[in-house]
Each structure stands twice: as C-alpha cells, then as structure tokens.
Amino acid sequence: MKKGVVILLSLAVFGLGVFLGSRFLGGKGSTPALPYGSPLSSVPDSLQGSGEVASFFRGQIIEVKDGESIQEAVGKANPGDLIRIYPGTYHETVYIDKDDISVQGVREDGEWATLDGKGELNDAILYSGNGVLIENMKIMNYKGNGIMGQAGNNFVIRNNWVFDTGVYGIFPEFGKNGLVSHNVLSGIEDAAIYVGMCDNIDVRNNEVFNSVAGIEIENCRYALVEDNYIHDNTGGILTFITPGLPIKTCKHVIIRNNFVMNNNHVNFGQEGSLVASLPRGTGIIVMAADSVYIENNIIAGNNNVGVVVSDLSFGAQISKDAEVDPTPEHVVILDNVMMNNGSDPVDDVKLAMATQLKKTGPDLIGNGKSTGCIRNPQAYTSFGLGHFTQCDAPSTSSIKSYLLPEPYKPLELETMEKGKLAFYGVCSGCHAYDINMIGPPVQVIQALYKDNPKGLAEYINNPVKKRDDYPEMPPQNYLSEETRMAVAEYVLSIGQMANKGMGRYSYHSEELKEKSE
Amino acid sequence: MKLITGIVALLAVGFTFLQLRPSAEMQLLYTNGIEPQGFELNCNCPPGFELTDGNTCESRNMYQMYASLEEKGVGGLKTALPEVRDGFSPQQTDLGRYLFFDPILSEDGTVSCASCHDPKKGFSDGKAQSVGIHGNVVSRSAPSLWNVAYMNRFFWDGRANLLEEQMKGPLYSEHEMGTTPESMLERLNENNTYRQLFAKAFGRNADETISDTEVYTAIAAFECSLVSLNSRYDQYAHGFHEALNEQEIEGMNVFRSFVARCAECHTPPLFTNQQIAVLGTPEPDGKPLDIGAQGVTGDASQRAGFKVPSLRNVAQTAPYMHSGRFSTLRETVGFYTQGRGHAVPEGEKLILHWHIWEPELTDHELDLLVAFLQTLTDESFMPMIPKQVPSGLPTIASNTKPSV
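These protein sequence lines are chains A and B, in that order.
Under the numbering used here, the first residue of the first sequence is numbered 1, with each subsequent residue one higher.
Under the numbering used here, the first residue of the second sequence is numbered 1, with each subsequent residue one higher.
The hints are simulated quantities; they were obtained by calculation from the structure and are not laboratory data.
We put the beta carbon where it would ideally sit given N, CA and C, even for glycine.
One should not assume that every hint holds.
Claimed, not checked - Within a straight-line C-alpha distance of at most 25 Å, the following computed DMTMM-like cross-link-like pairs (lysine to aspartate or glutamate) qualify: (1) A:Lys454 <-> A:Glu489; (2) B:Lys72 <-> A:Glu92; (3) A:Lys320 <-> B:Asp290; (4) A:Lys76 <-> B:Glu186; (5) A:Lys118 <-> A:Glu92; (6) A:Lys320 <-> B:Glu70; (7) A:Lys118 <-> B:Asp363; (8) B:Lys349 <-> B:Asp290; (9) A:Lys76 <-> B:Glu346; (10) A:Lys320 <-> B:Glu246; (11) A:Lys248 <-> B:Asp299; (12) A:Lys369 <-> B:Asp299; (13) A:Lys65 <-> B:Glu246; (14) A:Lys118 <-> B:Glu250.
Unchecked claim - Footprint (simulated), chain B over chain A, 3 or more residues, beta carbon under 8 Å: (15) 139 to 147; (16) 272 to 278; (17) 318 to 325.
Go ahead and model the full structure; you've got the sequences and the hints to work with.
This is how it looks when you write it as structure tokens:
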C-alpha cells in the first residue's frame, strides 16, 4: 500500500509535468539533439531510467526547412533515415509507405514544426511502414486524423502536440508492438488516442483533454494504459469490443496509474459515430473486453460514473455480430482512488440509485452480464456489480510493459523461397517449365542464362525483344533488385532440385495445343 | 486435328438449332450419342500455384512474404492475405473449368456458371440483376469470383461459408440454373466424357457414378484458381512506388483516410474485411427494400446488411451494390458522401454502419478515388475459356447465346 502511495505521488508530478517530454527534445545550440534510441528495445525509460540504447535511425539525415515539402523528403528517404523538420508551417498530408523512417520535429526557441491542415486536408500523417517513429510535431486543423497507421509494426509516436485534427488524434490500426507516449491531445471529436485492432501497445504519459473520448483500446490484445492525465473529455478511457470488425477480441488490458479527472465535456461526437451516445461524465468504460485490470488510478470528478463495466447492450446502436462474445470476463478492479464521481448521473443510473435508496452517485456500475472481482469493494459506491467477487489477484506491477522485448520481426525467408514466391506469384502467368505459354519455357531460359543469374536478373529488369515467336516481355522493374535476383536464381535452379513435382506447371491443355499447332 | 475441326463444324450446325430449341436439341444430342471427343485434363497447376509431389496445387505469391495481425489477413500494404483455400489437384481444377463453362449443369442446358460469372466481365455479368433459366431475373447482382479462394463468406447476405455450399444456391434455385442434384447427376452420368474425366480427376473407376460432392469439389477447385494479385496497386504495395501516378496515390490516401474511411471495411490486401455492413443504399426504382442478412439470421439489427465485397478488379464489374443500382464507380463512391441514410426508405429504421457518415468529399476527391480503384485491376491469370465443353452445348466462348 505504501508503495502505491509513492507511485501515485510520483505520478502526480508526472501528470502535471507531461511537458517533461521536452527532455527528449534536445538542448541549445545550432545542432539540436538527435533522438534517443528506440524504447522498443528496452523497458520504457519512465520506469527504468535513462533509456540509453542503440540509435533508432542508422541512415542519412534529411532536413526539411520551412517552405519545403516533408513528403518530398519521405520520397527521398531510405529505410533507416531520419527526416528532421525545422520550425515552420507545413500544409500537407504526409504518407510513409516505407520501413524504418523517423520523422522528427526540431524545436527551436519554443517554435514547433507544425503540420497545419487548415481545415482542408484529411490527414496529417498516414503510415503503413514498419518501424516508423514520429516525434515532436505540432499537428492541427485536419479533418480525419492527426497520425494514422495501417498495419505498421514497431512504431513510436511520442512528444507530439495534436489538436483539432477531426475524428482521431493518434490512431494506430492493425499494428503490433508500438508506443504512444508523451503526446498532448485535445479537441478531437471521437477518440484522441485510438488504438484499434493492435497487439502489444503501451500508451503512457499522455495528456488528453477536451475531446469526446480520451483513450480508446478497441479490439486489442496486450495494451497498457499508464501514467496518462485524462481530463475534461466526455469519457476518459474506453476499452471495448466493437462488433463487426475482422478481429473480434479485446483482452489483457491494464489501466494503471492514470488520472481520470472531470470528464464532463459535452458530447460533440458526429451523429452515427460509436461515441455519439457516450454519456458525459464517464471515467472508464470496460465493454465486452476480457482480462482488464484497473489499478492505482485516481478517478475523480466524473459526474456520471467512475467506472462502467458493461456487456454490448450499452451504448451505441450497432448491428450484432455472432462471432463476438458480448460479455466482459475477468474484470479486475484493484486499488484505486475514486472520489466525487456520479454527482449528476444519467437517468438509468439515477433509477438504480433510487431502488437502493442511495443518494451518492456511483464510482462503479455494472450493466448486463459480466464477471470479475473488486479489491476492497467497500471503498466504492457501486451498483450492479454485487456478483463480483473479492479480488485476491496480485498487483499488476510485475508487468512493466506490454511491448515486446525486441522489435517484431518480419518473416525471414531464404532467397530461394522469395524467388519461388515471386516466380509463381508473377512469372508463372507467362512461363512454364517445359512448354510454351505466352513466354518461352523455363528450360530455354536456363540454357541461355546458365550460371548467369545476374544477367537474367538484368534482363527481367529491362527486357529487349529477342524472339519473333513470342511477344515482348514487359519490364518487371517493379520487383526490387533483391527479388529480381532471387527470381533469377530460382528460375535457373528449377528442375535441378530433388522435388520432381517442381517445374511441371503451365496452363490448360487447349492453350498448349494451340501453341503447338 | 482434322477430326476435331470436323466435329466442331458439326456441332456448330447443332448450335444454330440449339438457339431456338435448346432442351429439345440437347435431348437430340444425347440420344444420338454425339459428344465431342478429345478432352484431356491438364496435369499442370494454374498460374500462381506450385505442383507438389502429392499432385496438389499450392498457392504461391508475394504476399506470402508478409505476416498479418492475429493472422486475419487484414491490414495495410505489406500484409499477408487471409488463409487461402488450395490443395486441389490440377485435374480437379481443369475438370472444374469444363463444368464451370458447361450449361449441362442447368436443367434445360441454357445456363452455365459462366453465364453470370463471365471472365470477360470480371467474372460477373454486367447486369444489375442476373438472369437465370427461362429468363428469370433474380433479385441481386452477380458478384465477381476473383480471389474467392481467400473468402469465408459467400452471397451478398453472407449465408454460406464454403464455396461448395454456395454453389448449391444457383444450381438448385428454380430461378437460376433450375436443376436438382438427381437430374444434374443423371445428365452428367449419361455423358461418357464426363464419366471418364471425373474418374481421372478423383482417382477411381469410370464405371462408378459421378457424385454431387465431386461436382462441388471440382468447381470449387477451379474457382479457387482465380487469383488476381498483380495489379499496379500490388506493385506499389510491394515497394515500387512509381507504379502509381500522383493522382492515383492521392486517391489511395483519400481511400485510407479516416474522412472517406473506405479502407476500414475494404481493407487491404483483399480490399474487404468480409464483414456484414448496413449501408442503406437505394434499391432500383419500384423495388422494395432488400433485407439482406436479416433474412438469414433473423436479426433485425442486420436488416439490409450485406457482405462487404472485395474491390479487386472492381473496375471490371459494373454495375455496383447488391442490386446493381449504381452503373459507374463514380456514382458508387458518390453514394457515401450524400448524407448518412439519405436513401433509406421512409418508415425504415436501419442500424447503419458507423462508418457511414458525412465525409463531405469534394468532386475532385471522388474522381481521385475512382482513379485509385482502377489501379486494382489485374487479369493476368485469366483462365482459358473452353471453346467446347464435354456436353457439346454452346458456351459463352462459342458466341451463340442461349435464347432468353
């Protein structure tokens, strides 16, 4: 318990000082400091100290000055490069479809590198690459998102100042292993930080306010929401399953050491959106999610309710999904400080209070079916959770982070395997082993390029018409140099391998007959 | 060779006849025992598949270089596809190809699978609502068959999870192919060529009869060979960014932006998340509301819900939506920006999908979206359309359309 108090006190210092993130931002002088290394390779520094690890970027530094284009720099960048953006206003949508690109705003004399959508552009930053880092950017006035990721793994989004960016502020989707930390977000009409269909995510040390939903963890596994200051939103932290999505579970979520304060903002969500029916004054919602731990938070001044545990009957009207389990199971409410919640609850809650002759609004409320436990249940005013047992679950403190111990690795394939995938995936439309199709048989190619994969790879890249009896081959220059070489090596190896089935392919008999006629 | 030409010529005469009196002519063909000869089953796999030692065809493509979250096959550019249906033999696949194009499967010999899933029309039929046997107009539009090997939900209302289940729908619907399992098997078993081909494809004696399961397996095998993963978009996805021009990339960014939100349901790499969604698209004039998935599950919250279709080769498959209400891509993308629920009939309460909202896309953005959608076209693995099929009946390739 004493330890808990110490953590809470230190959290208080952190919560008020989220701008401490600026310690990442470098010192004075003409060469602003380069970013620290990736926290993905170690436990987060907020728990472990300095976080001095290997450099995140390993390539070139590309500088972007006011008046220049960030996207042009991304276009030039290679994996491993760092793009440094100097103070100024950049009116563009930046998309990053490459791996291992770092985008870093440089702060000088309190000025920020600012992406300003001027209310005209959809998104500030879209990324799909792995290993993307975005930090120190000021992002404002977009219609869709501040930062949106589709399927990028190993991402770091930190130290950004995001406001009025439309539907979401920071929205990683379909990503594995990512950190969202030390960002300040406000004025978002849905979720300020929305982690959707992701695995292994830490959301820590962010300040989120004046938005409809503060932090959403939706259809995710292994998410840690820690040390955030979430205030003056319509609802604070939401972890839930949305039915009708392709990934249908949400579990292993820790909500720990957060301030969830005064989330009483009027709901300004768009009609039809899932948050439009979110009652103002709601601290934390757990809906249909399993194995959710709520520990050491200060949850105070939320006028509707401190924590809601609900099945899918709560909230927005949404089509049912038979593949979703609507019941939240194993919801664990450990030590928390809850006060001044429920002073002006919605009518349903008032009704529940009346039936129990209670005048004090709820810290906790249950809606529909659920299972779980509460440690020290007598500490809270509570409705509808009488079926929860008393927790003997230990503290979650042994789990420092849900990030992976090492960056999530892409599939590692042998050269021959890559060559085979490209051959069948692309080349087999025109080439078979021992029969004529649109192009000459592999056997003929092998005779021409015996022991010369490089020559074949070059031909693939830039073919010339060689034979009157076949149409000219289109250049396959869209395949990477590595892939072209892998295909060349594979093609030259076909038939020499032990697998006798290999190399006997082509297409239908009639086509072959026509060729032979 | 001369012999085959002769037979073809002979058949051509028959076909002319057939145009007028299809079923009578079919009867004639059978009683005279005239069947085209010389059919062989290909012993090689279709493009995109590797032949294994066990004589099965296994799918191979560049998306197998990637992973996907929770192995669901949804995500971004370098994301694995959903689990693939493969492992059929080359012979089963080729037999399925003949069956697919052969009107023998329909009760009166006028309709084949290819009548509504025409390779030249993106394996759809270009019609708002498909036309089945006796000129019956069915209630929905024929979906494309490209990449069905990756799908786990079939029909607009999602009522089948397996191709073998799906195909029973059109085969035995009185409005589509109008046959019954018994009658279909009788016709196939009377055909010597098919008896030989089935025996070969399924490794058994020709004196055993053809079963319905064999028919379903063979057609599923062929359908699973229809792979389209080499569009210009795919080249971009694999890392060649020059594959798309500036306008198309802008369109892709509108597509995946959270303003338009297209990619939220039409999620790469298949360009569908295979879920049911309630959009509230208009029905053709005078048609009542199609209740879609509610008709299957009985769940009112799924009223007018339909399966999210893949957008691969979408430029080839106009008209669009479940009843073909929109004739162009431009009109289709325009639907999403005309207001949430603007086309929902009065008095109907639909639980519209949360991504249906008011994105207020500009005309320019809609044009960009269309430009991007056109980069999803790839028909490089187009199968051969048989010029003749074992029944001797006219196919879509013989340019003699059955009378309607």
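Now the hints, each set against the structure:
no.: 1; hint: A:Lys454 <-> A:Glu489; in the structure: holds (8 Å)
no.: 2; hint: B:Lys72 <-> A:Glu92; in the structure: violated (33 Å)
no.: 3; hint: A:Lys320 <-> B:Asp290; in the structure: holds (18 Å)
no.: 4; hint: A:Lys76 <-> B:Glu186; in the structure: violated (66 Å)
no.: 5; hint: A:Lys118 <-> A:Glu92; in the structure: holds (10 Å)
no.: 6; hint: A:Lys320 <-> B:Glu70; in the structure: holds (22 Å)
no.: 7; hint: A:Lys118 <-> B:Asp363; in the structure: holds (19 Å)
no.: 8; hint: B:Lys349 <-> B:Asp290; in the structure: holds (13 Å)
no.: 9; hint: A:Lys76 <-> B:Glu346; in the structure: violated (54 Å)
no.: 10; hint: A:Lys320 <-> B:Glu246; in the structure: violated (40 Å)
no.: 11; hint: A:Lys248 <-> B:Asp299; in the structure: holds (19 Å)
no.: 12; hint: A:Lys369 <-> B:Asp299; in the structure: holds (20 Å)
no.: 13; hint: A:Lys65 <-> B:Glu246; in the structure: holds (23 Å)
no.: 14; hint: A:Lys118 <-> B:Glu250; in the structure: holds (18 Å)
no.: 15; hint: 139 to 147; in the structure: holds (count 3)
no.: 16; hint: 272 to 278; in the structure: holds (count 3)
no.: 17; hint: 318 to 325; in the structure: holds (count 5)
When the structure is compared with the earlier hints, violations turn up for hints 2, 4, 9 and 10 and for no others.
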